[in-house]
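**Student:** What follows is each chain in one-letter form.
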Amino acid sequence: MPVDPDGPSRSRGDYSGPAADYSLTAACEVRGRRLPSRVLFGPHATNSSPDRALGPVEHDRARAAGGAGVIVTEVASVTADDRPYEYAPLAASCSADWAAVAAACAPATVLAGLGHAGSQSSVRGVLRAPSSVPDPATRVVPRPLSPAEIDELVGAFATAARAAVDAGCAGVEIAAGQYSLLRQFRSGLTTPTPDDRVLLAVLEAVRAAVPGAWVGLRLGVDELAPWAGITLASSWGTVDRVADLVDHVVPVRGSAMSVASTRPDAHTAPGFLADACRAVRDVVAGRCAVVLAGSVVDPADAQAALDSGVADLVEMTRAQLADPDLVATVRAGRAPRPCVLTNQRCRVRDVRNPTIGCTVEPSVGEHGPRAGNASLLAPGDSNAASSAPRGRRSDGADFLASSARSDALPAPEVLVAGAGPAGMEAARTLALGGRAVRVVERADEPGGLLRTIATLPGRHRFARLADWYVDELARLGVSMQVGRVVDGPADVVATGGRDSDRSGLTPLAVLRGAPLDGPVVIDDPLGDGTAVALAEHLAPTHQVTLVTADQVAGKQVPDLVGANTRLQRAGVERVLEHRVVERHADHVVVADVVTGTRRTVPGTLVDAGPRRPGHPASGRLIGDALAPRTVAEAIREGRRAAAEILRAG
Amino acid sequence: MLGEPIRLGSRVVRNRIVFPAHLTNAAVRNCPSAEHAAYYAARAAGGAGLVIVEEQAIDRPYEKAVLGTDPAVVPGYRAITDAVHAHGALVLAQVGHNGAQSSSLYSRTPVEAPSAIPDPMFREMPVALDDAGIARIVAGFATVARHCVAGGFDGVEIQGSQASVVRQFLSPLTNHRDDRYADGVVFLREVLTAVRAELGDRVLGVRLQGDEGLDGGLTAADAARVATRIADLVDVVNTAVGVATATLPLIEPPMGVPAGYAEPVPSAVRAALVGTGIPVIGVGRYTTPEQARRALEVGACDLVGVVRGQIADPSFATRALAGDRVRRCIGCNQECIAAVGLNRRLGCVVNPDAGREAVPVAVSRSRRRVLVVGGGPAGLAAAAEAAERGHDVHLVERSDRLGGQLAIAAAAPERRELAFAVADLAHRCRDAGVRMWLRHVSSNGRCGDPFCSPAEHVIVATGARPDPPSGTVDVSDVLTGAASPSGRVLVVDDLGGPAAPSVAEVLAQRGAHVRLMTSGMVAAEGLGPLLERERWRRRAAALGIELLTDRVLLGGGVLHHPTGALEPLDADVVVHAGPRVPDEIEGPGTRVGDVLAPRDAAAAIREGTDAARAIR
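If you're matching them up, the sequences are chains A and B in order. So for the first sequence, this note's numbering puts the first residue at 5; every next one is plus one. So for the second sequence, this note's numbering puts the first residue at 2; every next one is plus one.
Bound-form chain A, shown alone (with noise of 0.2 Å):
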């Protein structure tokens, strides 16, 4: 798996702003239809609906609006014995949800996600599977279904297809990659007789149910298990196949054993499914759409992919949660708010059931009943053509525009101190809001932690939050002045947190060129990654140990498994079930949590346990300052509290 493809990125110079004459962003026809672009927001879980229906219709309206050409929704079980998560919504209760997507969604095409998660379930009844082999997650043993059972499923995918497309979807889009029990009919991981029989089957069925609808499949071509799953070799047959049966295609990879690598983080190179996906497209020879998956993120990355004939559509899902306006922004010329791809808040498979959020964008999820707060504000202005910072949504950013409307006597300018995600969140928000802002940031340039952060495997597009922030701010007009500590009260205090009053280096002291020289030994109470990213970039040229009270290092990591694995790669040492307790200069001795054995580990400490909050300032104190916490707390109340000072007016 790659590691770190373009390193950590410190300068400006890797990367260079959409344009607005893309063909990513044009209207086109693809097989009849005409679509708004082709960038297509793919199907993911959202917890957002504990009825097991859809979530509420914002969440596609928002990406809609903002220029998605196909937006597939969240994948429906067809039988009611398959519940792969608890909100999994279920076909038969999701009729009046594709009907308000639809209707909402116009004039983007939708489609309905489909699918039966087989064996990767979590039911508490009998999981049904191609065989008895258990999900490797849960362990739990499934019962085979018999041939009269799969004829059920296969009809009860052709009768959820015809729902879908009776409540005004355009087609529907069959789940047939992770997550699914038609990837598992075709594995040798999941069954002893794996064959494409019952995926054709169902897409037969489908199209016979819905004739002229458009129909898509996600199809598993890798499951990177050689030894016994799907491979691409092993897929050009079934790709051939079902290629006159479907309008689309999006192959995608991973299997039970491989869940995080169907959508990872960025320590995977963005574009990973390129080459699989060519072959792909060369195969169907025209016969239907190719479609880009796995870590599109930038707009330059899909358009050089549909340029270069990788494929018809891109697949940018995590990127339009980052920025719901997309399509729109770069048909602006301007980039889009980068998605960081750390999956922290849109990887929502977690048995909390936590509704779907987003690190930098902190509207997403915050619709509905489920949740906590009032809507935060919509994200800004960044679909419209024009400069003028002004409100232009319905959705939850009324204010905007009201508080344009009071331009005949002028609002004061609002302080801003500290230019960390926090501080140019509230920002650009006070600035989209049509107030005159100026940030003042006491270190000598903007970002913050941003940029000591991105230093870090896998944290590198953080660099690229921070860019933008400081592109968007001066193209807002914000007055930015680095350098200088506010003398006096600020309307909002964005000023980061400060570092414990414990011994030992922190990961902050060490990114920043603390000398370290010989062994390390890293204490990692809070297993969030800090950690587990310090270790990994000084394992080249340290020796690393890492102590942890929990059975595994970063706990709190999405991707734990590849953590850990990469962690074992490095050569670091984990020391798990131990906790430090004598600290020295030269080792620190560590105690076993449950038996309280001790011994002692050699190297200079390095503590990642928790910062402390910031100077008790008076004023509106946000993100760190006020608690320290990750990016997404200091970006959500930089939202709220620009929004605040908005209504206040």
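Don't read these hints as lab results, they were simulated from the structure. Don't take every hint at face value.
What the hints assert, rightly or not - Rough simulated footprint, nothing fancy, chain B against chain A, three-plus residues with beta-carbon under 8 Å: (1) 144-158; (2) 521-532; (3) 555-562; (4) 593-607; (5) 629-638.
Computed from a predicted structure; not experimentally measured. Backbone N, C-alpha and C fix where the C-beta goes; we use that ideal spot for every residue, glycine too.
Go by the hints and put chain B onto chain A.
**Tutor:** For chain B alone, coordinates are given in the frame of chain A:
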């Protein structure tokens, strides 16, 4: 003594058996549900004197919390209190705020706590509460109390123990303040005063933490001191040990921990409150009437909290007072604590109706000849339920003992109480007149008795059999004694549950040099949610069991899959815990339990019960 009424402030409880607060995950859209009402009513109908409904939250700590500050909860409260009162029990609602023992996952707002100290489990830096924040939380307690009054509760209990901002104020580990709230009792008194103003003469209780299980944390003496300082404000004091997010196994210990392990706490509080007339509730894995009775007799407490015992047997109190046998909780923690911890609905291995009390069970009007094939938990549950519903039931079991895999598993250390489940099912079968045929197999729907007429309904519960890779010994053979591996033994765990760790321990006790290996990232991982893993790890360390992770057998050696490193097998014997295969038989019949798909005892007992209820 258990049956003696006792006064709580203005109210009288009919007996000494309490159903204390615990999470059920039965909330629907953060409101009380019909499941809640049926669940609590079942324990009231079963004779409990006092029911304390789970936490009504001021904050938003976990997904299925009931958010008591929302006025929408009141109709649901009314449904609960009417249902409980109909059976003569008193009902309180627990009210709580989780402080730092929470995350912003659901609220999307910062977590708040006495001091900026992250919780060991949630690890989210909280914002230290200022005076306005404290006033807001105190008002939140009052708001919930007001809703509880409107909903018909007899009073409330303030959560000040396992997951609570009150405990965080009281504990020196989490309160580093230098203002007047440095004394956490100041905060608690403000809460109690505000809540008392809403309650009038209704019952006000508080649940106090008596052993955080953490260095420098609260102790029984602290609980006693706090109790004396709030005695003027409360009618009853409940007790607890353990912090939900740091020392959870102390709160809900597994079957290896004896009843009464927490008794020092209520004892100390009771001693401190002598003369005040305030009764004290004790808890601590009291799962049988004898244990509950003994706790009163030794003077540890005035009322006894029985949670898991009443989950397992809703009629625990009635049976205890009548001297009847109860269906025993086996302390397995699988469907209650583990399930709730995994955000699922509370259930119970031995009581398949727990958590689904609101689902109606149709009455049987027929008497059918029923043959149950297989005497494991699925078959025993099917036979007992069918016979109790009036059917004529025969059960055939191929072996010479009942209980199937469950009986075998009970042979392992600290798993002995699994056998209680088998014994209690067998008792039910006998009491209901099931005819048992051990060492028999069925043929054509007939039981072993040549004079028995063919069954009208057959339930097949033949279980599953091991399918170990060639050259390896199955774990069940070690537990039954069929195999006695010695020397250097590698136990390969492809299940992740208790089987492999149990067998590793058995073998180490027998003197083998044991390594436990898993393909996963964590050894004995499945013991974690059951809250057994710490105890097991301690015993395993004492026995010198080595733990290997991220490894699989490959050819004649071992592959460390993250790195691709090949290691020698280095074992005389390989013992294997892996998926079993259904033990199918010819002929028609409803399949239940492992023969349908090899899973666990909860599925077996639930499916056996349901199959019996489906007989028309």
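**Student:** Checked against the structure, which of the hints given earlier come out wrong?
**Tutor:** The structure conflicts with no hint, since it agrees with every one listed earlier.
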